[in-house]
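Visitor: Sequence:
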Amino acid sequence: IALNQLRELHLRNFNHRRSALEFFLVDQTNYFINFTKETRNLVYRAIMSFKPANLYYGAVRSPAELLQTSGLVKKWVRREISNFDYLIQLNTIAGRTYNDLSQYPVFPWILTDYTSAELDLNNPDVYRDLTKPIGALNEARAKEIKERYDLFVDPSGSIPKFHYGTHYSTAAGVLHYLVRMEPFTSLHIKLQSGRFDVADRQFHSFGATWNSVYNNGSDVKELIPEFFYLPEFLTNCNNYDLGTLHSGLRIHDIVLPAWASSPEDFIHKHRAALESDYVSENLHHWIDLIFGYKQRGTAAEEALNVFFHCTYEGAIDLDAITDPTEREYTEGMINNFGQIPTQLLTEPHPKRMNCDEARELRMRHSAIPGNLGNSVFTGSGQLKAHAVKLHNEESLVYVKIGHSQSTSMINLQHDSLITISNQGVIGEHQWLPQSRSKSFTFNVDATVTKSNHRRCLAAPFAPDLEIGPHIFAVTHDAKLVITAGHWDFSIRVFTAKAKLLQRLTYHNDTVTCINLDRDGHHFISGSRDLTCMVWSINHHSGTAQNVSSKPLQVLYGHDSQVTCVVMSWELDIAVSGDQKTKIERKNAIA
2 IALNQLRELH LRNFNHRRSA LEFFLVDQTN YFINFTKETR NLVYRAIMSF KPANLYYGAV
62 RSPAELLQTS GLVKKWVRRE ISNFDYLIQL NTIAGRTYND LSQYPVFPWI LTDYTSAELD
122 LNNPDVYRDL TKPIGALNEA RAKEIKERYD LFVDPSGSIP KFHYGTHYST AAGVLHYLVR
182 MEPFTSLHIK LQSGRFDVAD RQFHSFGATW NSVYNNGSDV KELIPEFFYL PEFLTNCNNY
242 DLGTLHSGLR IHDIVLPAWA SSPEDFIHKH RAALESDYVS ENLHHWIDLI FGYKQRGTAA
302 EEALNVFFHC TYEGAIDLDA ITDPTEREYT EGMINNFGQI PTQLLTEPHP KRMNCDEARE
362 LRMRHSAIPG NLGNSVFTGS GQLKAHAVKL HNEESLVYVK IGHSQSTSMI NLQHDSLITI
422 SNQGVIGEHQ WLPQSRSKSF TFNVDATVTK SNHRRCLAAP FAPDLEIGPH IFAVTHDAKL
482 VITAGHWDFS IRVFTAKAKL LQRLTYHNDT VTCINLDRDG HHFISGSRDL TCMVWSINHH
542 SGTAQNVSSK PLQVLYGHDS QVTCVVMSWE LDIAVSGDQK TKIERKNAIA
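Going by the working numbering, the first residue of the sequence shown is number 2, and it counts up by one from there.
Think of the hints as simulated: they come from the structure by calculation, not from any bench.
Remember, it's a predicted structure, so these values are computed and weren't measured experimentally.
Take the hints with a grain of salt, since some may be wrong.
Listed next, with one range per pair, are the computed distances between beta-carbon atoms [unchecked claim]:
#	residue 1	residue 2	range
1	C356	N423	42 to 50 Å
2	L319	S542	33 to 41 Å
3	N100	R297	24 to 32 Å
4	C356	D126	16 to 24 Å
5	S550	G469	24 to 32 Å
6	Y230	P325	35 to 43 Å
7	K38	E303	32 to 40 Å
8	R46	R363	36 to 44 Å
9	D151	R328	32 to 40 Å
10	Y230	C565	25 to 33 Å
11	L572	R363	24 to 32 Å
12	L501	E467	19 to 27 Å
Below, simulated SDA-like cross-link-like pairs (lysine to any residue); rule was C-alpha separation at most 20 Å, straight line [as the list claims (entries may be wrong)]:
#	residue 1	residue 2
13	K76	I48
14	K551	R504
15	K144	S213
16	K401	N355
17	K480	Y507
18	K270	V127
19	K401	N547
20	K162	A143
21	K401	N423
22	K144	G166
23	K75	P349
24	K270	A118
25	K498	R455
26	K480	E429
27	K75	T93
28	K270	S206
29	K76	N355
30	K38	D320
31	K352	I335
32	K75	D86
33	K133	A304
34	K500	D478
35	K498	H487
36	K352	A118
37	K551	D489
In this text, a Cβ means the ideal position worked out from N, Cα and C, and glycines have one as well.
Input sequences plus hints: build the corresponding full structure.
Guide: Have a look at this one:
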C-alpha cells in the first residue's frame, strides 16, 4: 500500500481483541489486517510517523472522539448529509466493516407494510417504531422478554441478565440475506456443513422474513446496507438449487413486496423510505439503541436492549485464555453470537431538523458577517467590486479560487485567486475574506499589466484551438497550473508564477480538454487522438507537488475528437463527449 494512497487508518477489534487495522485508500479499496496487539500498535505508530499526505485523521482518537471531531452529527442534524450516508459513517467509525462478517455494518428495518399494492411513504403507519429494539416491537413479545429478564437468575452467577440470547447482527444473519451472491454463497454452505440451510429457514420472501422478525422470539435480525442500494442480491442469478418450502414452492428469486415491481423498484422505494420525513424525525432513537447511550447500562435495561454478555466489547479477554480448546470455543462463540458496535455516544443523540428548520438555519447563517460558507459575498448590500485590469486586447478565460481540502471554499490560509488570460498571462491575486475584525481585502497582482514583468505560459497553443477554461486546471491549493491545447500535443504543469515544471507528452494529437476531479488529486484529459487519460497529482504534506510521469489509465471508445471530460475518482466514473455528441461513461480507476 502506497502511503500517499492512504485516506483513512482505523484501529480495529477482531474477536474482541484490539489487534487489527483497517486501511481505506483513495481509490475506495480497503484492507482489514489482524496482528498481535503489540505489532498492531507498532505498525500504526510507524505509519503515522510518516504523516501520509492524504490521511484524513492525523491523531490517535477513540471512535467516540472521531465522531465528535468529525462534525458528522451536526451535518446530519442540519440535513447536510443523507440518512444513508450518516449510517454508513457511524458504522465505519464504530468498527463495523465489510471485511468481517461478525462485525458487518448494521442498518434498521424501516417498513412494516410488505403486502399493500401501493406504498404510501407519507403514511406513518407503514413505518417501524424506531424508538424500540427490533425484538421489542411486538407488545406481547416485549412483555414476555421483560418478564423473563426480571426472573432470570444464573445459578453459577457468571452470566448477567439479558433480554436476547441472539443478536441483531451476526455472521449467519449476513449470510442469510446474501446467500444468492458469492462469496457469501460459499461461506453460507461452509457454515451449514457443506450444504444450503433448510429451505424454510432461508431468506425467500420479505413478508415471511418480516413476520419472523416481528413474531419469533429468537429472531431479532436487523438489516444490512445492501437492502438500500444493491438489487442484485435479491435475484438468484446463479440459479442455485436452494431447496423447496413445505408449501411446495421452490425457492428462487426473493418474493418482493406487492408494491415493488422489480428488485430495482424495491431498492428505489426502500431507499426513499429511509430518507423519508418520518425516518429523519425518528432515526436518532435507533442510533441511541445501536451506537448510543441505550446500548449499555440502566438505559439499555429500561429500553429492553440488553444482549448476551459476551457480545459486548471488553466482556472477554481472549489473551487471558491459555487452554487451546477453551480459546477455540470462545472464539467460535464470539463469531456466532455477534458483536455490539463500539459505543459512540453516552448522551441522547440530537434530533434531526425538519426541512423548514434546516432551510431557515442556512438563511440565518449566510446572513451573519464572517459566516460566508461557500460564498464570497453575504448580500448585495455588502457587495464591492474589485477589478483585474488587463491589456486592451486580452480577456480572462479562466478564474480559480484557491482553497484548502476543508468543507469551506474560503480559508484564511489559502487566499490566492488565479486568473489566466487568452494570451496565457497568469495572475496570482491575494485576498482575505471578511471577518468580525477585518473587512474584505483584495490585492491585484500588478504584474498582469506590466509588459516587462508579466508571467506568461511559455508554451504556444495549437493555432486552430479555441482558448478557454476547458484547457486549464488549477489545483485546490493554487500551487500548480495544468494546461492543455499545446501545439506539441503535451500537457504542461506550471507553478502559479508561470515556472514550467513538467511537459507530459502521451497523447498523439492536441489535448482539447482537461478537468480536475473534486478530490484535487486527479485529473482527466481528452484529445483529438480519440482517447482520454486519467492522471494523478502528487502531494506532500497536503501541498500539490507535481503530476504523475505517466497516465494511470487510458480510456478508449470515441470515433471523433474528445471535446469535454469530467471524472469522479471517488465514484470510479469518467464521462466524456466528442464532436459527434457521443457520450462515453468509463471506469476511471480500472
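Visitor: Next, verify each hint and record whether it holds.
Guide: Now for the hints, and whether the structure bears them out:
As the Cβ distance of C356 to N423 is approximately 44 Å, the hint placing it in 42 to 50 Å holds. Checked against the hint of 33 to 41 Å, the pair L319 and S542 passes, with Cβ atoms roughly 39 Å apart. Taking the beta carbon of each, N100 and R297 are about 25 Å apart, inside 24 to 32 Å as hinted. The hint said 16 to 24 Å for the Cβ distance between C356 and D126, and at roughly 22 Å that hint holds.
Evaluation of the 24 to 32 Å hint for S550 and G469 yields a pass: the beta carbon distance comes to about 27 Å. For Y230 and P325, the hinted distance range of 35 to 43 Å is satisfied, since their beta carbons lie about 42 Å from each other. Against the hinted window of 32 to 40 Å, the Cβ-Cβ separation of K38 and E303 comes to about 35 Å, which satisfies the hint. About 42 Å separates the C-beta atoms of R46 and R363, a value consistent with the hinted range of 36 to 44 Å.
At about 34 Å, the CB distance of D151 to R328 agrees with the hint of 32 to 40 Å. About 29 Å separates the C-beta atoms of Y230 and C565, a value consistent with the hinted range of 25 to 33 Å. Taken as a hint, the range 24 to 32 Å holds for the pair L572 and R363, whose Cβ atoms sit roughly 26 Å apart. Here the CB-CB span from L501 to E467 is close to 23 Å, well matched to the stated 19 to 27 Å.
The suggested pairing of K76 with I48 is violated, with an alpha-carbon distance near 30 Å, which exceeds 20 Å. Under the criterion of a C-alpha separation no larger than 20 Å, the hint pairing K551 with R504 is consistent with the structure, at around 11 Å. Taking the CA atoms of K144 and S213, the gap is about 17 Å. The hint holds against a cut of 20 Å. Pair hint K401 plus N355 does not hold up; C-alpha atoms about 35 Å apart against a cutoff of 20 Å.
For the hint linking K480 to Y507, the alpha-carbon distance of about 23 Å lies beyond 20 Å, and the restraint is violated. Proximity of K270 to V127 is assessed by CA-CA distance (about 13 Å); at most 20 Å being required, the pair is judged to hold. Under the criterion of a C-alpha separation no larger than 20 Å, the hint pairing K401 with N547 is consistent with the structure, at around 18 Å. Distance hint between K162 and A143 is fulfilled; the C-alpha atoms sit about 15 Å from each other, no more than 20 Å.
Simply put, K401 and N423 have alpha-carbon atoms about 15 Å apart, close enough for the 20 Å limit, and the pair holds. Between K144 and G166 the CA atoms are separated by roughly 16 Å; this keeps the pair inside 20 Å, and the hint holds. Proposed proximity of K75 and P349 is supported: the alpha carbons are some 14 Å apart, at most 20 Å. Annotation: proposed proximity of K270 to A118 holds, straight-line Cα distance about 13 Å (limit 20 Å).
Distance check on the hinted pair: K498 and R455 sit about 10 Å apart at the alpha-carbon level, within 20 Å; holds. Restraint check: the Cα-Cα separation between K480 and E429 comes to about 10 Å, which is no more than 20 Å; the hinted pair holds. For the suggested pair K75 and T93, the alpha carbons sit about 17 Å apart, so the restraint of at most 20 Å is met. Taken as a hint, the K270 and S206 pair is honoured in the structure, with Cα atoms around 17 Å apart against an allowance of 20 Å.
With a C-alpha separation of about 13 Å, the suggested pair K76 and N355 falls inside the 20 Å cut-off, and the hint holds. In summary, the hint linking K38 to D320 is supported, as the alpha carbons are separated by about 10 Å, within the 20 Å threshold. The straight-line distance between the Cα atoms of K352 and I335 is roughly 33 Å, outside the 20 Å bound, and the hint therefore fails. Taken as a hint, the K75 and D86 pair is honoured in the structure, with Cα atoms around 13 Å apart against an allowance of 20 Å.
For the proposed pair K133 and A304, the alpha carbon gap of about 7 Å is at most 20 Å, so the pair holds. For the proposed pair K500 and D478, the alpha carbon gap of about 16 Å is at most 20 Å, so the pair holds. Restraint check: the Cα-Cα separation between K498 and H487 comes to about 19 Å, which is no more than 20 Å; the hinted pair holds. Simply put, K352 and A118 have alpha-carbon atoms about 32 Å apart, too far for the 20 Å limit, and the pair is violated.
With a C-alpha separation of about 17 Å, the suggested pair K551 and D489 falls inside the 20 Å cut-off, and the hint holds.
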